[in-house]
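Chains as they are written, first to last, in our numbering: chain A, 923 to 1231; chain B, 56 to 229.
Hints should not be assumed to be uniformly reliable.
[Stated by the list, open to error] Mimicking DSS-like on lysine-lysine, the simulated pairs with C-alpha atoms at most 30 Å apart in a straight line are:
#1 Lys-144/B with Lys-953/A
#2 Lys-110/B with Lys-218/B
#3 Lys-967/A with Lys-144/B
#4 Lys-73/B with Lys-927/A
#5 Lys-211/B with Lys-110/B
#6 Lys-60/B with Lys-962/A
#7 Lys-991/A with Lys-950/A
#8 Lys-953/A with Lys-1120/A
#9 Lys-1043/A with Lys-1018/A
#10 Lys-144/B with Lys-961/A
#11 Lys-74/B with Lys-110/B
#12 Lys-1018/A with Lys-1104/A
#13 Lys-110/B with Lys-60/B
#14 Lys-60/B with Lys-73/B
#15 Lys-144/B with Lys-991/A
#16 Lys-967/A with Lys-991/A
#17 Lys-73/B with Lys-950/A
#18 Lys-991/A with Lys-953/A
#19 Lys-110/B with Lys-144/B
#20 Lys-74/B with Lys-950/A
[What the hints assert, rightly or not] Among the chain B residues that face chain A by a calculated CB cut under 7 Å, a handful are:
#21 Asp-64
#22 Leu-126
#23 Val-140
#24 Arg-178
#25 Asp-207
[Stated by the list, open to error] To give an idea of the chain A side of the interface with chain B (calculated C-beta under 8 Å), a few residues:
#26 Ser-951
#27 Phe-957
#28 Val-960
#29 Arg-1151
#30 Ser-1154
#31 Gly-1155
#32 Phe-1157
#33 Pro-1158
#34 Ser-1159
#35 Leu-1160
#36 Arg-1161
Calculated from the structure, these hints are not laboratory results. Every residue, glycine too, gets a C-beta built ideally from N, C-alpha and C.
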Amino acid sequence: MSVWKRKDLLGLRDLSREEIAAILETAKSFKPLLFREVKKVPTLKGWTVANLFFEPSTRTRVSFELAEKRLSADTVNISSSVSSVIKGETLLDTAKNLRSLVCEIIVIRHSIAGAPHLLAKRLADVGVINAGDGINEHPTQALLDMFSMQERFGRIEGLRVLIVGDILHSRVARSNIWGLRKMKAEVSVCGPLTLMPKGIDKFARVYTNLDEALIDKDAVIFLRIQRERQNSGLFPSLREYHRLYGMTEERMGRLSSKTVIMHPGPVNRGIEMVPMVADGDRSIILEQVTNGVAVRMAILYLISTVVRR
Amino acid sequence: MGREKVLLDENGLREVLKKGLAVPISRLSDLEDVVIVGIYTRGVYLARRIHRYIKRIYGLNLPLGEIDINLYRDDFVRRFDFPQVRESKIPNIQDKVVVLVDDVLFTGRTVRAALDAILDVGRPSAIRLAVLVSRPGREMPICPDIVGVDVDPGQKRVYVELKEVDGQDRVVLR
């Protein structure tokens, strides 16, 4: 009875609770590999994985690349600034060329929501992993967040998770809300109303006051504020944002002792949180980074078992 | 079920495990350096039983490990419906004698994968292979050091059933 039957991971909205649990369980067995002297297993020897990044990314791309290398796959990295995308090649043409070069799995990040879904549909024999599509989803980030919570608390069910920041433009928030709800966590969000998607109150409890929101939470995920949004008129200034929604020493003092602080990175120090919070003993931001490799290995592995058939 | 043949019943299995595996392992000249490592799934339970026996009879608490070879297989998808990966727990094997324990030795591919997995975590001074049942059909140049029972089941397959996973102890051909 195989739980995993998908050749693609496009988003957590589509996944069942059992499928999410299978990924987290597999990631747990992969994690000790990261600390061995030989950090490699031969599972994907002879496989080629293409990392297609049409949006700048360092952390996610490096995490995927390490996960692929730990599984012994060969990797090719294509980023929009250096590829023929700037010469006008379409997404599908790029993908078809990759297939002709015989890549079995494509990891894609794209600024347009649905780009990975298009590839997955058109390339029937290639596994596609969404590494972030527009403001839609960033499933691997949410999975590593859930993995980190499970590792910390021993469970996800019943955890009270708060997501703070620009919920409207955040694919990390969307994927986390889909995933956490399926795993039966209690999700709430906090931020300026101008940065809340319409209808969010059907999926999560909504706060506009951070001090109220922080009461009795197990995990708090701070989202990265994109500085370019400062000029969009959705919030007055970064300084005011920090005063209302930033994590400060003073707010830390009022947290319950078990609450952990999370961030998908990179942190804008002094905006989402002060350095003392990011570097403090309640922050599991760097554990999230390590766990990202184990979770991505698990996803690559599960997908490979289907693509191989 | 009519064509099923019981090779070992509960008592038979206990005897073979003791006299055929545990005793020969305990007579290895370098017993003090032995690390017992079971291969998932049933090899792990056999290894635990052997470990318990040696502890009871000789008072020796040998290091015990378990190894999942799914990531090292050359055929994992064809053989398993759910290629679940379990965490391998391998104690320090540097310069030790690793005794690999499995239920049935058939093609030798599982053992081949286990050898790779062991060598990725250290350099033992030797690796020995102990199996409950050995049957013909090797596809690799692999030979067991300690064998409980040798059997040629012909067209049938060998099934080792253990209380821990199957609810009863026996070996059947079917």
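| said: Is the interface hint satisfied for Ser-1154/A? The criterion is a beta-carbon contact with chain B at less than 8 Å. | reply: Hint on Ser-1154/A: violated, closest Cβ of chain B at ~45 Å, above 8 Å.
| query | Holds or violated: Phe-1157/A as interface residue toward chain B, Cβ cutoff 8 Å? | reply | Not OK, violated: Phe-1157/A not within 8 Å of chain B, min 45 Å.
| Pairwise hint evaluation, Lys-927/A against Lys-73/B, where the allowed Cα distance is 30 Å at most | violated (42 Å)
| request: Would you check the hint for Lys-991/A and Lys-950/A, treating anything up to 30 Å between C-alpha atoms as holding? | output: Distance ~18 Å between Lys-991/A and Lys-950/A Cα, so the pair holds.
| Taking only the CA atoms, is the gap from Lys-991/A to Lys-953/A under or equal to 30 Å? | holds (14 Å)
| message | Would the hint linking Lys-144/B and Lys-961/A be met if the CA-CA limit is 30 Å? | response | The hint holds at about 15 Å.
| Holds or violated: Lys-74/B with Lys-950/A, Cα cutoff 30 Å? | Judged against 30 Å, a Cα distance of about 38 Å means the pair is violated.
| task | Go through the hint on Gly-1155/A and say holds or violated, using the shortest Cβ distance to chain B against 8 Å. | result | violated (49 Å)
| query | Hey, Lys-1018/A versus Lys-1104/A, does the alpha-carbon distance stay inside 30 Å? | reply | Distance of about 34 Å is beyond 30 Å: violated.
| Proposed interface contact between Leu-126/B and chain A, which counts if any beta carbon pair is under 7 Å | Constraint on Leu-126/B satisfied, holds at 4 Å.
| For the pair supplied as a hint, Lys-60/B and Lys-962/A, is the alpha-carbon distance within the 30 Å limit? | Status violated; Cα separation ~43 Å.
| Restraint check for Lys-144/B with Lys-991/A, where alpha carbons must lie at most 30 Å apart | holds (22 Å)
Checked against the numbered hints listed earlier, the structure breaks hints 4, 5, 6, 8, 12, 13, 17, 20, 21, 24, 25, 27, 29, 30, 31, 32, 33, 34, 35, 36; every other hint is satisfied.
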